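Q: In case you want the letters, here they are:
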Amino acid sequence: MDWSVLLSADVLGQMLFFATPLLLAALGEVITERSGVLNVAIEGLMALGASVGFLAAYLAASNGVGIGAAMAAGGLIGLLLAYGTISLQVSQLTLGLALHVLCVGLASLLYRLVVGLQFVPPQIQTFRGKGGDTLWQVLTGLPGPVYAVLLLAVVVHVIIFHTPVGLRLRACGENPRAADLLGVNVFRIRYLATVVGSMLIAAAGALLPMMLTATYSDRMIGGRGWIALMLVILGRWLPFRIVLGGWLFGYVEALQYRLGLQLVTVPPQFLLMLPYVFVILVAIRAYGGAAGPQALMRPYDREARG
Amino acid sequence: MPSLTETSGRGAGPSFGAEPPFVHAQGISKRFGAIQALDGVNFEVARGEIHVVLGENGAGKTSLMSVLTGLYQADAGEILVDGRPVRITSPADALRLGIAMVPQHVELVNNLTVWENVILGREQGGLFLRRDHQRQQVAELAQRYDLPIDPDAVVASLAAGQKQKVEILKMLHRQARLLILDEPTTYLTPQEVDSLFGTLTSLVQRGMTVILVTHKLRDALRIGNRLTVMRGGRVVAAGVPASETDELQLVRWLIGGQDETGQLLEAEPLPPLGSEAAPVLQVENLSVQVPGRVALRDISLTVRAGEIVGLAGVAGSGQRELAEALVGLLPTAGGRVLLNGTDITAWPVAHRLDAGLACIPEDRLREGILPSMPIVETFVLGLHRYLFPDGRYRIGKALEAANRVIDEYKVKTPHAWFPTAALSGGNVQKVIVGRAVQMCSYHRHPALVAMNPTRGLDVRTVRDVHHRLRQVASQGGAVLLVSEDLDELMGNCHRIAVIYQGRVDAVFDGPDYDRYQIGEYMLGRHEREAG
Numbered sequence: 001m002d003w004s005v006l007l008s009a010d011v012l013g014q015m016l017f018f019a020t021p022l023l024l025a026a027l028g029e030v031i032t033e034r035s036g037v038l039n040v041a042i043e044g045l046m047a048l049g050a051s052v053g054f055l056a057a058y059l060a061a062s063n064g065v066g067i068g069a070a071m072a073a074g075g076l077i078g079l080l081l082a083y084g085t086i087s088l089q090v091s092q093l094t095l096g097l098a099l100h101v102l103c104v105g106l107a108s109l110l111y112r113l114v115v116g117l118q119f120v121p122p123q124i125q126t127f128r129g130k131g132g133d134t135l136w137q138v139l140t141g142l143p144g145p146v147y148a149v150l151l152l153a154v155v156v157h158v159i160i161f162h163t164p165v166g167l168r169l170r171a172c173g174e175n176p177r178a179a180d181l182l183g184v185n186v187f188r189i190r191y192l193a194t195v196v197g198s199m200l201i202a203a204a205g206a207l208l209p210m211m212l213t214a215t216y217s218d219r220m221i222g223g224r225g226w227i228a229l230m231l232v233i234l235g236r237w238l239p240f241r242i243v244l245g246g247w248l249f250g251y252v253e254a255l256q257y258r259l260g261l262q263l264v265t266v267p268p269q270f271l272l273m274l275p276y277v278f279v280i281l282v283a284i285r286a287y288g289g290a291a292g293p294q295a296l297m298r299p300y301d302r303e304a305r306g
Numbered sequence: 001m002p003s004l005t006e007t008s009g010r011g012a013g014p015s016f017g018a019e020p021p022f023v024h025a026q027g028i029s030k031r032f033g034a035i036q037a038l039d040g041v042n043f044e045v046a047r048g049e050i051h052v053v054l055g056e057n058g059a060g061k062t063s064l065m066s067v068l069t070g071l072y073q074a075d076a077g078e079i080l081v082d083g084r085p086v087r088i089t090s091p092a093d094a095l096r097l098g099i100a101m102v103p104q105h106v107e108l109v110n111n112l113t114v115w116e117n118v119i120l121g122r123e124q125g126g127l128f129l130r131r132d133h134q135r136q137q138v139a140e141l142a143q144r145y146d147l148p149i150d151p152d153a154v155v156a157s158l159a160a161g162q163k164q165k166v167e168i169l170k171m172l173h174r175q176a177r178l179l180i181l182d183e184p185t186t187y188l189t190p191q192e193v194d195s196l197f198g199t200l201t202s203l204v205q206r207g208m209t210v211i212l213v214t215h216k217l218r219d220a221l222r223i224g225n226r227l228t229v230m231r232g233g234r235v236v237a238a239g240v241p242a243s244e245t246d247e248l249q250l251v252r253w254l255i256g257g258q259d260e261t262g263q264l265l266e267a268e269p270l271p272p273l274g275s276e277a278a279p280v281l282q283v284e285n286l287s288v289q290v291p292g293r294v295a296l297r298d299i300s301l302t303v304r305a306g307e308i309v310g311l312a313g314v315a316g317s318g319q320r321e322l323a324e325a326l327v328g329l330l331p332t333a334g335g336r337v338l339l340n341g342t343d344i345t346a347w348p349v350a351h352r353l354d355a356g357l358a359c360i361p362e363d364r365l366r367e368g369i370l371p372s373m374p375i376v377e378t379f380v381l382g383l384h385r386y387l388f389p390d391g392r393y394r395i396g397k398a399l400e401a402a403n404r405v406i407d408e409y410k411v412k413t414p415h416a417w418f419p420t421a422a423l424s425g426g427n428v429q430k431v432i433v434g435r436a437v438q439m440c441s442y443h444r445h446p447a448l449v450a451m452n453p454t455r456g457l458d459v460r461t462v463r464d465v466h467h468r469l470r471q472v473a474s475q476g477g478a479v480l481l482v483s484e485d486l487d488e489l490m491g492n493c494h495r496i497a498v499i500y501q502g503r504v505d506a507v508f509d510g511p512d513y514d515r516y517q518i519g520e521y522m523l524g525r526h527e528r529e530a531g
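Chains as they are written, first to last, in our numbering: chain A, 1 to 306; chain B, 1 to 531.
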């Protein structure tokens with residue numbers, strides 16, 4: 001086969017394209033985790049975002065409305081997660097997983113309620129780019145969300161590291177008591193981070209039908225939420241490194257489709273497996289010595305003794 | 001309120017006369033579940049003084065300070081600042097009134113730099129952090145108050161004494177008028193204590209008011225203008241001028257009883273050491289290298305039968321690594337460990353225990369006990385190898401052994417089936433010490449590694465623990481006592497080794513130690529002078 005395909009303009013363009021939903025979800029997650037809350041409902045939130053986003057976009061015939069609706073739904077679930085983990089101090093893992101399951105079911109239910117069973121599933125308009133042949137044309141001709149999310153990564157970086165809010169956010173995730181003693185409202189910061197993060201994650205889910213499939217189907221998230229969760233660790237909680245990690249996964253995903261066309265002798269199921277094998281390989285490397293925010297997963301109790 | 005009668009006659013010193021006290025807490029009560037942490041406490045501080053609040057662990061000192069700084073909400077009582085009643089519902093409220101606390105375990109954000117820690121929560125102006133400007137401000141503040149700290153240093157890299165100064169800097173940046181320091185000297189070397197007290201004195205000269213919470217009599221009498229003593233959630237002596245009291249009087253207030261106070265002050269003599277006592281625990285050129293932990297380099301140390309050897313050092317100098325390497329939790333990179341002449345360097349933990357090595361772990365709740373399981377099971381864990389040599393778990397036998405220790409050590413518990421973590425810290429420690437001592441009792445020359453065995457305990461339990469260590473030594477055992485509290489080591493050890501950055505460069509012979517000389521080695525100053 002022709003190995004130049006590995007670096008062709010096509011594959012590189014698709015790398016950026018496929019990385020986009022992953023990146024958006026990972027950016028939402030990193031905001032939340034930096035405040036000390038681990039959002040493990042991420043996969044479910046993306047499913048809910050995909051369903052609500054698709055339905056709203058379908059009914060309003062506007063992807064913007066779809067994304068907005070997905071963010072609203074994600075924000076509500078985020079509020080629930082925040083209330084449980086911050087105010088009631090429930091285990092973040094337990095509640096997160098419960099909400100994940102709830103969201104997956106809810107996503108499926110909502111779709112059935114609105115669309116019902118149809119022989120030909122309804123479709124929405126996907127985001128389209130101009131496309132092109134040369135590398136430059138491909139890279140500048142991608143759909144809008146690709147660039148919007150990269151811009152967002154810059155914004156998130158600036159917020160986390162160059163603004164007072166970001167300083168407080170990092171402090172809450174590292175040592176909430178220290179922050180509290182200095183008059184930082186730990187509860188407010190964590191609520192805010194959890195809700196905003198959940199909104200971005202749901203929006204990432206909505207991007208899937210709007211960029212890839214044009215239709216909704218259950219299980220369409222296919223583990224992308226978990227990959228995003230891992231991207232945060234791989235990227236060491238730094239937005240720019242998360243972008244690099246996201247591209248890595250985008251590349252593997254793009255390659256998977258390309259190789260499917262090129263290597264007909266290899267069973268497609270094996271190629272579909274590639275990103276997940278990659279996750280495992282990267283995870284083994286990335287977990288070694290990764291130190292997240294020190295107060296991650298630890299509820300803050302002001303009257304805790306000793 | 002009977003608690004006030006002892007001192008009401010003396011009142012405040014002449015300089016604290018007519019104007020209302022700066023901060024006045026009246027009738028403060030606070031309850032945590034079954035524990036009455038504060039019981040109708042009255043407390044006042046005058047402007048411009050260093051007021052020491054003295055009390056045992058659990059006397060309510062920290063709770064009272066937490067009420068003043070808004071961390072706890074009092075169930076009853078009132079706080080007046082400059083004679084006006086105020087409501088303090090959060091640390092932010094307290095800061096607005098100029099009340100700031102430097103907590104016992106310094107609360108800094110480790111991954112941030114000094115200047116970021118200082119400005120956190122009070123970043124001032126604008127959408128963005130103005131790095132250069134704010135760093136400059138912090139540097140100037142540090143200079144003005146003579147606190148030599150690099151504003152760009154990452155907090156995690158600072159020594160304990162420096163971290164404390166960052167805390168003080170933080171509060172100065174917030175224009176604190178009343179600085180509360182909770183047990184500030186616990187983990188400091190003598191040199192660092194001097195430096196801290198110098199800083200506090202100079203702050204007070206510039207108009208600051210300081211509350212110093214401590215259980216150390218020496219510190220209290222050395223720096224305090226007035227003292228308030230607490231016991232069992234009440235104030236037993238309020239605002240006594242330091243010049244009008246002495247250590248014996250303070251201990252009476254602290255402990256309550258009259259009969260044993262003299263005893264508690266006086267150090268129990270160390271068991272005498274035969275000159276040809278055989279070495280029990282020998283460490284020869286031990287090196288340990290584990291990523292992410294302090295590397296031990298070429299450590300040699302001998303503890304003989306009947307001897308208690310102290311290991312002094314600033315927290316994080318490798319004490320923990322040494323203890324874990326001795327017990328067999330960390331692999332060694334070089335050198336040997338011998339127990340009664342047998343090379344145990346490569347032995348797994350279980351074999352070492354069988355050979356007569358016992359350990360009192362550092363973090364009693366996390367490493368020492370089975371929190372939700374009954375005391376009896378926490379107790380037999382490890383002892384099972386001696387109690388049930390045939391491998392059959394006979395609960396009757398376990399219960400008998402546990403009850404014996406509960407009686408002998410006066411562990412306060414309803415019964416041996418009580419969940420271990422429901423005991424108070426002192427009682428948990430008694431169970432752990434009892435277990436270690438019993439393990440030692442099965443051997444002629446056991447070695448006991450005790451990691452900070454008295455941290456956070458009250459005077460009586462501390463004394464109990466020390467007594468047990470001596471008992472192990474006097475029966476032929478070798479004790480390695482690791483502690484960050486130099487006073488504890490000087491009072492209990494035949495010799496003191498000092499560890500600094502994973503090396504032991506000096507061993508001092510007791511009983512007459514030079515605290516400053518040991519301090520120099522703890523801080524690694526001997527190196528800088530030599531090279």
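Bear in mind the hints are in silico, worked out from the structure with no lab data behind them.
Since the model is a prediction, treat every value here as computed from it, not as a measurement.
Any given hint could turn out to be false.
Each pair of labels, with its calculated beta carbon distance range [to be verified]:
1. B/526 x A/97: 30 to 36 angstroms
2. A/217 x B/152: 37 to 43 angstroms
3. B/512 x A/298: 45 to 51 angstroms
4. B/154 x A/140: 38 to 44 angstroms
5. B/381 x A/263: 43 to 49 angstroms
6. B/381 x A/280: 33 to 39 angstroms
7. A/281 x B/334: 33 to 39 angstroms
8. A/284 x B/148: 42 to 48 angstroms
9. B/290 x A/281: 24 to 30 angstroms
10. A/97 x B/517: 55 to 61 angstroms
A few chain B residues facing chain A, derived, Cβ under 8 angstroms [what the hints assert, rightly or not]:
11. 71
12. 82
13. 86
14. 92
15. 107
16. 129
17. 418
Ideal Cβ placement from N, Cα and C applies to all residues, glycine included.
Q: Does each hint hold? Answer for all of them.
A: Hints versus structure:
1. B/526 x A/97: 30 to 36 angstroms: violated, 55 angstroms
2. A/217 x B/152: 37 to 43 angstroms: violated, 53 angstroms
3. B/512 x A/298: 45 to 51 angstroms: holds, 46 angstroms
4. B/154 x A/140: 38 to 44 angstroms: holds, 40 angstroms
5. B/381 x A/263: 43 to 49 angstroms: This hint is violated: roughly 58 angstroms between Cβ atoms.
6. B/381 x A/280: 33 to 39 angstroms: Given about 37 angstroms between the Cβ atoms, the range holds.
7. A/281 x B/334: 33 to 39 angstroms: At roughly 34 angstroms between Cβ atoms, residue 334 of chain B and residue 281 of chain A fall inside 33 to 39 angstroms, so the hint holds.
8. A/284 x B/148: 42 to 48 angstroms: This hint holds: roughly 45 angstroms between Cβ atoms.
9. B/290 x A/281: 24 to 30 angstroms: Hint holds: Cβ distance 25 angstroms, inside 24 to 30 angstroms.
10. A/97 x B/517: 55 to 61 angstroms: Holds: the Cβ-Cβ distance is about 57 angstroms, inside 55 to 61 angstroms.
11. 71: Holds. Min distance 6 angstroms.
12. 82: violated, 21 angstroms
13. 86: At 16 angstroms from the nearest chain A Cβ, residue 86 of chain B fails the 8 angstroms test, so the hint is violated.
14. 92: holds, 3 angstroms
15. 107: holds, 4 angstroms
16. 129: Holds. Min distance 6 angstroms.
17. 418: Violated - the Cβ of residue 418 of chain B stays beyond 8 angstroms from chain A, reaching only about 19 angstroms at its closest.
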